[in-house]
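Full structure from sequences and hints, please.
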Amino acid sequence: MKSVVWLSLVAFSLSVATLQAQDEPKKVIVCSTTQVADFARQIVGDRWEVKSILAPGQDPHLYEIKPGDAKLVAEADLCLENGWHLEGKDWMRTLAQGAGKPLVTCVTDVEPLSLEGDGATFHDPHAWFTPQNATIFVRNIVRGVSQLDPVHRVEYESRAELYVNQLRALHLWTVRQFNIIPAEKRVLVTSHDAFNYFCREYGFKSASPAGWSTGDEIGGGVTPDRRRRTVESIKQHGVKAIFVETSVNPKLLRQIADDAGVEIGGRLYSDSMGPPGSAGETYIGMMRENVLTIVEALK
Amino acid sequence: MRPILALLLVVAILGLVQAYMKFQASLPATRSVQQIETKAEGVYTADITLTFDAEPDAFSLEPTSLLVLFRGQELLRKKATVKAGTPLLITDIPGMTEGRNEFYIKATPPEDETEQSRAVRVRVLRDGIPVVERTLWSEPGAPVEGAIHVDVPRVVITEDDHDH
Chain B
0 MKSVVWLSLV
10 AFSLSVATLQ
20 AQDEPKKVIV
30 CSTTQVADFA
40 RQIVGDRWEV
50 KSILAPGQDP
60 HLYEIKPGDA
70 KLVAEADLCL
80 ENGWHLEGKD
90 WMRTLAQGAG
100 KPLVTCVTDV
110 EPLSLEGDGA
120 TFHDPHAWFT
130 PQNATIFVRN
140 IVRGVSQLDP
150 VHRVEYESRA
160 ELYVNQLRAL
170 HLWTVRQFNI
180 IPAEKRVLVT
190 SHDAFNYFCR
200 EYGFKSASPA
210 GWSTGDEIGG
220 GVTPDRRRRT
230 VESIKQHGVK
240 AIFVETSVNP
250 KLLRQIADDA
260 GVEIGGRLYS
270 DSMGPPGSAG
280 ETYIGMMREN
290 VLTIVEALK
Chain C
0 MRPILALLLV
10 VAILGLVQAY
20 MKFQASLPAT
30 RSVQQIETKA
40 EGVYTADITL
50 TFDAEPDAFS
60 LEPTSLLVLF
70 RGQELLRKKA
80 TVKAGTPLLI
90 TDIPGMTEGR
100 NEFYIKATPP
110 EDETEQSRAV
120 RVRVLRDGIP
130 VVERTLWSEP
140 GAPVEGAIHV
150 DVPRVVITED
160 DHDH
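Protein chains in written order, with numbering that gives the first Met the number 0: chain B, 0 to 298; chain C, 0 to 163.
Hints in this document: simulated from the structure, not taken from any laboratory.
Just so it is clear, the structure is predicted and the values come from calculations on it, not from any experiment.
Do not rely on the hints blindly, as some may be mistaken.
Some residues of chain B that are not near chain C, with every Cβ distance over 10 Å (derived) [stated by the list, open to error]:
#1 G97
#2 V163
#3 P274
No farther apart than 30 Å at their CA atoms in a straight line, the calculated lysine-lysine pairs in the DSS-like style are these [what the hints assert, rightly or not]:
#4 B/K25 x C/K21
#5 B/K50 x B/K65
#6 B/K250 x B/K204
#7 B/K26 x B/K70
#8 B/K26 x B/K65
#9 B/K26 x C/K78
Yeah, the Cβ is synthetic: ideal placement off N, Cα and C, and Gly gets one too.
Structure, rendered in structure tokens:
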């Protein structure tokens, strides 16, 4: 008789769990990069499922579409991309258009930094590197999810309001932290040209051996001339330390550090955030860690 | 015999759960207790004076330099720069009631001023006479933000009042 009661209880629990699981299925957002996915999670909470095509540490410039990506996008209700060709050969746009899914381009309304290279002018896509621009990304995502789910618009806006206040706190904290580094020592040498917005906001000069992209797009990639200029820049400004990036092979920068006689100051999160459980697993976390790494190396 | 008994029990329990859920869904919506609000007498106005030039907030969903809300409704929203020292007037605040009334005010200092605290002076007037006067302060670099409460005394009508 005891086993009958137990069996009934188990069956009852299972049936209740099944009834609960039969709730309305969650809408799905598929994002190109880890940063965009983090912004989306902050806005939609548990109401949507947020997936990122890039895994932590992967380089969006070099990423090539895999068979599973099309399936992922096919199941999406909304797709989010960074834009301005951060996604090499516009792979996210290609996927979304192929599946006929709505696509939000997060850099929309950002004031672009223009870069020149190989006789062409283009917009620097690494716009998320200032909390102000991150706020614009958040605005665009709120607009996108609210259009698809207008019933919960106020909820999305409320979460976003809280999050952009955290971005404000991050910005003010960053300004205070960099105050320790003398103005003439504010030179940021990194693997590729990802930190231009960050440098403009916080008063740094930037230099890197690769252009805006680690790929072979116009204005991207490593050239002997860029490499030479980076070494010269390090020597000219008496730079104390240079930084490798978590999503870029550090080999070249280590060679440059040897050539210029400087230290590697640490690893910076650039085009991708850190893995789950790491300090850089969120946007605010990755920015905080970058600031602390830079201050420690250059102060 | 035992598996059949278990199956019967499961069916019975599931049936009860289903019946309970249907019963719950069929219940009329809970009636909320209606609060009777009495409109406050007199004409209420407000003036707001900034000690800094307010600029559109880069850290908000809708860049706004000055925002005043009353009961969730916008009384004032400025998207352009608001100059320091010039009082902004809000005439005839609608919906003031007896009891506690709450205003929310947010004004954003220029983004490059990260070291200074800033202030906003707010006055609420009834028929031109100040009833509340407060100064809100900000953390350095952050917007001046907060709630202002205006308590309007409840008018008690006595039997004597009726006699006259």
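Each hint tested on the structure:
1. G97: holds, 31 Å
2. V163: Check fails; 5 Å does not lie beyond 10 Å.
3. P274: holds, 28 Å
4. B/K25 x C/K21: Distance ~24 Å between B/K25 and C/K21 Cα, so the pair holds.
5. B/K50 x B/K65: holds, 15 Å
6. B/K250 x B/K204: Satisfied, since the Cα-Cα distance of roughly 23 Å is no more than 30 Å.
7. B/K26 x B/K70: At roughly 15 Å apart (the allowed maximum being 30 Å), B/K70 and B/K26 satisfy the hint.
8. B/K26 x B/K65: Cα-Cα ~23 Å, so holds.
9. B/K26 x C/K78: violated, 34 Å
Of the numbered hints listed earlier, those contradicted by the structure are 2 and 9.
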